[in-house]
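Asker: Listed below, chain by chain, are the residues.
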Amino acid sequence: MATIEIGRLLRANTKGCIMGCWVTQLAAPKLGALVRIPLDSLLQCFGIIYDIHIDDDSLVRQLLSADQIDTDVLDDNRTNRNVPVEISILFVGYQQGEFISHLLPPKPPLILDTIFLCNDEEICQFTKTGKFGYFRHILRADDLPVEEILTAHLQQANRAHCEAQNPNWINFAMQELISMLRDDYTRLMNVLGTVADAQW
Amino acid sequence: MTVDLQSITEQIRGFGDQIRKREKERQNRIQTALDLFQKYSDDIPFLQKRVEQIIAANRGTRCAKPDCHALNSKFICQHDENNKFTVLASDGSQILPDRHRRVEFDMINISVIKLDKNRRITKPVKISKLLLPDISLSPDERITEDIISLERNTKERQLLCEIGCTETPQVIALSDGPLELFREPQEERLHQTLFKQYAEALKTFTDMGGIFAGYVDRPKADLMIRLLELASLEEADIKKASQLRPLYGVTDTDLFMTILQPGERSGVFLLESNSANHFKTIDERLALSFFYINIGTNSQGNQTLVRVEIPAVISNQSCLMDKLHQTIIEQCKKMGSRPYPYLLHRAHEEALVTFQESTYIEDLLVSSLFSNDTNSRQTSNKQFAKMMSGKRQKYQG
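As you go down the protein sequences, you meet chains A and B in turn. Quick note: the first sequence uses the working numbering, first residue 1, plus one each step. Quick note: the second sequence uses the working numbering, first residue 1, plus one each step.
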């Protein structure tokens, strides 16, 4: 199956990383998407996109003072200027050989490593392994929009599982979420409310 | 703080009084210049003859010379929706030789960016050239700051030619700064060779039908003012024209600001100077000319005038002049409250060498070429001491 390269690593630690990509590549990555970063032939990290950041600069601010922004200027700024989009990724597991784990990766990737969007098969393989242990990495990130990230991820994973004739996956995932959040009523209600808002 | 602020403040106060007095005198001179401008505006044959007389008697005279239009001619920007000219913009930057570095090296970095006929801006084309003074052992090839600057200008024009040749004849090439080179071709062989290459690039581009233009932001020139001074001289004073400057301190911008409305350009004038005349020796068509454009108001509400230098052969072709005029106005509008050609700014962005890049290149040179030197490569003691001082913590009390 074709791989979709979406960017390269800028910096990383054991819990996550930041990657840069061109605006033209931006069509692929979405909030909550599952990505993989091969470290070597046997090891790759899995992560979920939790932030997509586009910086401005002084030229962009100056261009905004014009009466209108022509399409040549727009396109030039989006495709030619060396202004990368930064995408933040939370690690949720890794794969060593054939073995997939929902623990944090043993080591972070190196700068300029390539990052790929997971296809449906890879999403199914990762998300059906174990008992949804990777949810805890998302749930413990206090300063992130956890409910939105979870919902976006569940939507994408559910679509992949439905394609793979596994429509019950989403039910098991929701049950596990409820079980994980049973002692945090507020967060549980927020998550369920956000999930209810999504289109399935 | 190392500056004696009290002394500086007193000096600034002193300047304030001087500036007020000077400004009053300058306004009087501006009015005189405007009166002369109106007086001589239509007397083109007289002005042309006077310039020739002055130049014959005073080598080194630098002034405007009218072509065929009245001095106070002005032209409105013609907006042609079908303006399909390709626009190229170039800029360059350089690292100058510094004997205090670990390795003495020079570098020029050029970029050209293109707006094609379909109004798309393409990825910039770049050239980086490294020069090592240590390699040269011939005094003829001594690399000076002038040489580097000339080589950079030459490479910019050559790259513009190379890219523009596939787009001609409908291509405009903009570069930052005047086309004129302010030092005359020196006797050193290298300088002369580079100057010829520079002029040849202009010639080639012009032969292909392209328009070369040098864009001068915030011009301080007084070429037209000088012409008015020379026009008002008595015959007996012609031989000492170089010493007589009754309108000194007034610039062309002061004059044309009162004449040109936003979007308008002046007529085209020939540039008479020793350095400009060297272009004529290569080809008459390369004689440098210039005009002023009012590119609009900035964020402070002030009108902005710029000077544009072009080869004389363009100035008589109204169709090409209209295209150039329109292109400059359109490009400047894109930058909003601080009008400046967008493409020129982008070319500058792409050509700029950062301090980090410069340091990285120095590291590369040391590790690649001089790793086997018995003398380890270090910065000079003076530079080392300076770098130490930059990190000191001074007690602020």
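To be clear, the hints were calculated from the coordinates, so they are not data collected in a lab. Wrong hints could be hidden among the right ones.
Taking beta-carbon pairs under 10 Å as the criterion, some of the chain A residues facing chain B (in silico) [what the hints assert, rightly or not]:
no., residue
1, Thr-71
2, Asp-75
3, Asn-80
4, Arg-81
5, Val-85
6, Glu-86
7, Leu-104
Everything numeric in this text was worked out from a predicted model, so none of it was measured. Where is the CB? At the ideal position from N, CA and C, for every residue including glycine.
Asker: If a hint holds in the structure, say so; if it does not, say that too.
Answerer: Verification of the supplied hints:
1. Satisfaction of the interface hint for A/Thr-71 is found here, the shortest Cβ-Cβ separation to chain B being roughly 7 Å, below the 10 Å cut-off.
2. Using the Cβ-Cβ criterion of 10 Å, the hint placing A/Asp-75 at the interface with chain B is satisfied: the shortest such distance is roughly 7 Å.
3. Of the supplied interface hints, the one on A/Asn-80 holds, with its beta-carbon coming within about 5 Å of a beta-carbon of chain B, less than 10 Å.
4. Annotation: A/Arg-81 was flagged as interfacial toward chain B, and the flag holds, the nearest CB pair being 8 Å apart, inside 10 Å.
5. Contact between A/Val-85 and chain B, as hinted, is not supported at the beta carbon level, the nearest pair being about 18 Å apart and thus beyond 10 Å.
6. For A/Glu-86, the interface hint is violated, the least distance from its beta-carbon to any beta-carbon of chain B being 19 Å, above 10 Å.
7. About 33 Å separates the beta-carbon of A/Leu-104 from the nearest beta-carbon of chain B, more than 10 Å, and the hint is not met.
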